[in-house]
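A.B. asks: So you can see what is in the structure, the chains are spelled out below.
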Amino acid sequence: MPVLRAEHVHKKFASLEVLHDISLSVGKGEVVCLVGPSGSGKSTFLRCVNHLERIDAGRIYVDDALVGYEERAGRLYELKEASVCAARRQTGMVFQGFNLFVHLTAIENIMLGPRRILGMTKAEARAEAEVLLARVGLDGRGSSYPKQLSGGQQQRVAIARALAMNPKLLLLDEPTSALDPHLVGEVLSVIRELADEGLTMLVVTHEMAFARDVADRVVVFAGGRLIEEGAPRDILTAPSDPRTVAFLGRRS
Amino acid sequence: MSERAPDAAVAGPERSPTGVALPINAKPARYPGRWLTALVCLFLLGCVVDAFVASPNIKWAEVGSYFFSENVLRGLWLTVVLTIAAQSVGIVGGVILASMSMSLNPVLRTISSAYIGLFRGTPALIQIIFWFNIGLVFPHIALRIPGTGIGFRVETNSIITPIMAAVIALGLNEAAYMSEIVRGGIISIELGQSEAAASIGLTHSQSMRYVILPQAIRTVIPPTANELISMLKNTSLVSVISAKELLTSVQEIYASNFLTIELLIVASIWYLIMTTIATIVQSYLERLFDRGSRRPGTGASNLFHSLFRRDFSVGPSGPGAL
Chain E
0 MPVLRAEHVH
10 KKFASLEVLH
20 DISLSVGKGE
30 VVCLVGPSGS
40 GKSTFLRCVN
50 HLERIDAGRI
60 YVDDALVGYE
70 ERAGRLYELK
80 EASVCAARRQ
90 TGMVFQGFNL
100 FVHLTAIENI
110 MLGPRRILGM
120 TKAEARAEAE
130 VLLARVGLDG
140 RGSSYPKQLS
150 GGQQQRVAIA
160 RALAMNPKLL
170 LLDEPTSALD
180 PHLVGEVLSV
190 IRELADEGLT
200 MLVVTHEMAF
210 ARDVADRVVV
220 FAGGRLIEEG
230 APRDILTAPS
240 DPRTVAFLGR
250 RS
Chain F
0 MSERAPDAAV
10 AGPERSPTGV
20 ALPINAKPAR
30 YPGRWLTALV
40 CLFLLGCVVD
50 AFVASPNIKW
60 AEVGSYFFSE
70 NVLRGLWLTV
80 VLTIAAQSVG
90 IVGGVILASM
100 SMSLNPVLRT
110 ISSAYIGLFR
120 GTPALIQIIF
130 WFNIGLVFPH
140 IALRIPGTGI
150 GFRVETNSII
160 TPIMAAVIAL
170 GLNEAAYMSE
180 IVRGGIISIE
190 LGQSEAAASI
200 GLTHSQSMRY
210 VILPQAIRTV
220 IPPTANELIS
230 MLKNTSLVSV
240 ISAKELLTSV
250 QEIYASNFLT
260 IELLIVASIW
270 YLIMTTIATI
280 VQSYLERLFD
290 RGSRRPGTGA
300 SNLFHSLFRR
310 DFSVGPSGPG
320 AL
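Keeping their order, the protein sequence lines are chains E and F.
The opening residue of the first sequence carries number 0 in numbering that gives the first Met the number 0; numbering runs sequentially from there.
The opening residue of the second sequence carries number 0 in numbering that gives the first Met the number 0; numbering runs sequentially from there.
Chain F extracted, bound-state conformation:
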């Protein structure tokens, strides 16, 4: 592997008799076909963009005026909160389900796979409506210490607000997907790592905590970020139960002023901004957890690099490598 580096230095560039490396002044090859297809595509794209921009039926000034309107920003905030809350439930639930699915206890394994089957096998939209209406099944929620009268009892509908139902539904649904991602990350770690951990006397859970999970997190981050981006957009599903997130907010506005397309454009631009930020955070986290496969860097310069550096090197390199 890395021992090859010195050998590469042995074979130097071809040299002219005078000892000077000959320059390459070749004429570049020409591809007129590429230019042609590029022009055709740009023309067609221009037509489409022009049709929208120039359309008298889209009032672009309204897009601008509603972009920072109070109701839109409030909806945006709720979307962010919902996303973070539901994704957190999903990640925690996913780790628990993944541990269960890899447990030596067959009952836990079965429960885990049944859960995954159920929650992946039914539409998220149904799950959202279901949790919102859970009060139809259990009108009251009571917590009580058995044998004593101590406890409390509340109306289900006072707890299961649209926001609560949204977090539960999206979170529990997400847990099913996250568990498969976490499990994939764990089984991607070479068996030798856990054997080495066992050989120094670590127990299974110590080995998970100190050896396997810190490595698995690297493989888990990119798909988790994808899930987060999906979650940002899936929160719009909860408009069916009138949780006032971004989509519901713009729907309420265009229900009264009929600027449907304009407000959908406003919402779309905000979704694009949020997913872009999530992507940037993802690449930052990937660098952060890339320990051991690259030279470690400091946090601040890592963020800078993840944004601006173009890295063509493959594998370990630099002064630290042999």
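In isolation and in its complexed conformation, chain E is listed as follows:
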């Protein structure tokens, strides 16, 4: 049973079609990298999986539950806010711009969800957050505010914040694109460790070397369409679609 199953997803912004007939599934423990030129719909697709954007047609299932709707007797019913929020706990999200809560310290960022949603006590949440901080290599930095941390450290806190909700699927939207080059490595190695531990991940990335090493499968988007998918070695070294060839050529 795949953790994520998207079937014929369409999405428009006004008259602009940003996703056209996307079908994609991600199995348990699988790491899938979404690559492709800017504006090809990769990030939008990720946001649709989390229901931060609504889709216009198709179905998205996370852990076999329809995202954003409920199907009864062949008819879709829009989910109420509380159910949408409950469903979002299954998917963690890491943003390009980190989006740490700037008024909270690193550890408070991680503790917020477990405390307010999972109903943990402060002590439980703190203990768990400390374990997570250690896991992303930020032992002892829990009391720092986001502005006192480097971009790489902020992104690692953001990953820990997402993990604190114990998601079945982690979505990472260009997690290293906003980082200075020398900080990219520390974030990628954390993601690599998560992959080794068997976390299911869908990663939008421009880091081809990372995709080749870590991904079980690479999916190429262009112009809102899924144009190619397969093993990283095949896609990245011997792409069949001319648009993939052009995209990879531009980057190397």
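By construction, these hints were calculated from the structure, which means they are not laboratory data.
Ideal Cβ placement from N, Cα and C applies to all residues, glycine included.
One or more hints might be untrue.
Stated by the list, open to error - Stretches of chain E that chain F covers, calculated by requiring three or more beta carbons in the stretch to come under 8 Å of a beta carbon on chain F:
no., segment
1, 82–89
2, 93–101
3, 109–118
4, 159–170
Said to hold, decoys possible - Label pairs and their computed distance ranges (CB to CB):
no., chain 1, residue 1, chain 2, residue 2, range
5, E, His-181, F, Ile-23, 33 to 41 Å
6, F, Ser-102, E, Ser-176, 30 to 38 Å
7, F, Gly-183, E, Lys-167, 33 to 41 Å
8, F, Pro-122, E, Ser-176, 53 to 61 Å
9, E, Thr-120, F, Thr-121, 45 to 53 Å
10, E, Ser-176, F, Ser-112, 34 to 42 Å
11, F, Ser-102, E, Ala-230, 47 to 55 Å
12, E, Leu-75, F, Arg-152, 49 to 57 Å
Dock chain F against the given chain E, drawing on the hints supplied.
C.D. replies: Chain F alone, transformed into the frame defined by chain E:
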């Protein structure tokens, strides 16, 4: 951003061949024009001050003797109470109106903007007189459980005292302004913050409470303090309905002894003292809610710093920053 710091250390100061940094012993540039304009302005200012101080028509000793007189202090107290009560009504009302104006329910949005239009669009003075005379419209106020005879009924004029009318009028008027301030604070928070809140599963109201409002309060404090300072002075408007606040109190005194200017000076000095205190409290609150944009400090030293520290640094700095 902050990663630049190590690079800055690479380029050191120019060094002489001996390895010692050369001192700068430049003669300062001179600006005689600045001295001249300063002197002219000080002279003119001196003339004005002298004209008032030396005027035989202002009895300065009376200013001193009425400054702590019982009626003035009583009026001062009422001004403080009115300000706090009306501003509290304004803040609570403002938060409610702001939430309504950002609601997904179009009827609530419309009601909120109609309220703001009405209360900002009419003079506060009219609103004060209006509420004071509300008894003309509704002579009695009755509260009763429908279908039963249980309830009570009172004369409107026994409830709507000048003070009550003042709090209602100033408070409801203030709510209209506060709602725009609160709304501005909320929309100033980056969209990414609420998306991140949503992504960990917080509902809209949880996200407001734990993520958005604590950040918005920082942007909301300075304009709210401005409103409070305006409110301190606007309470003098209620002298038209004879609520015995500071202005009414001094008016009553000078109506009998004709020391008009002296007593207006007394009132003005008290208003200045109160607005100064409000400004100090404002800067204290700004520091207090500045969490995350500076190193956190303890309350007591924050107050001390907000009064005496001159901080030229920009952005995060200090041992905690990278």
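A.B. asks: Holds or violated: the 53 to 61 Å window for the beta-carbon distance between Pro-122(F) and Ser-176(E)?
C.D. replies: holds (54 Å)
A.B. asks: Go check the segment 93–101 of chain E versus chain F for me, would you? Three or more residues, Cβ under 8 Å, otherwise it fails.
C.D. replies: holds (count 6)
A.B. asks: For Ser-102(F) and Ala-230(E), compare the CB-CB distance with the range 47 to 55 Å and indicate the outcome.
C.D. replies: holds (50 Å)
A.B. asks: Using the beta carbons of Gly-183(F) and Lys-167(E), state whether their distance is inside 33 to 41 Å or not.
C.D. replies: holds (39 Å)
A.B. asks: Quick one: see if chain F covers the segment 82–89 of chain E, three-plus residues with Cβ-Cβ under 8 Å.
C.D. replies: holds (count 4)
A.B. asks: With a cut-off of 8 Å between beta carbons, are at least three residues of the segment 109–118 of chain E near chain F?
C.D. replies: n = 4 at 8 Å, threshold three: holds.
A.B. asks: Are His-181(E) and Ile-23(F) spaced within 33 to 41 Å by their CB atoms?
C.D. replies: holds (36 Å)
A.B. asks: Taking the Cβ atom of Ser-102(F) and the Cβ atom of Ser-176(E), is their distance within the range 30 to 38 Å?
C.D. replies: holds (35 Å)
A.B. asks: Between Thr-120(E) and Thr-121(F), is the Cβ distance one that fits in 45 to 53 Å?
C.D. replies: With Cβ atoms ~52 Å apart, the hint holds.
A.B. asks: So does Leu-75(E) sit 49 to 57 Å from Arg-152(F), Cβ to Cβ?
C.D. replies: Since Leu-75(E) and Arg-152(F) have Cβ atoms about 54 Å apart, the given range 49 to 57 Å holds.
A.B. asks: Evaluate the given range 34 to 42 Å for the C-beta pair formed by Ser-176(E) and Ser-112(F).
C.D. replies: holds (40 Å)
A.B. asks: Are at least 3 residues of the segment 159–170 of chain E within less than 8 Å of chain F when you compare beta carbons?
C.D. replies: It holds: at least three residues are needed, and the segment 159–170 of chain E offers 4 whose Cβ sits within less than 8 Å of chain F.
Violated hints are absent here; each numbered hint is respected by the structure.
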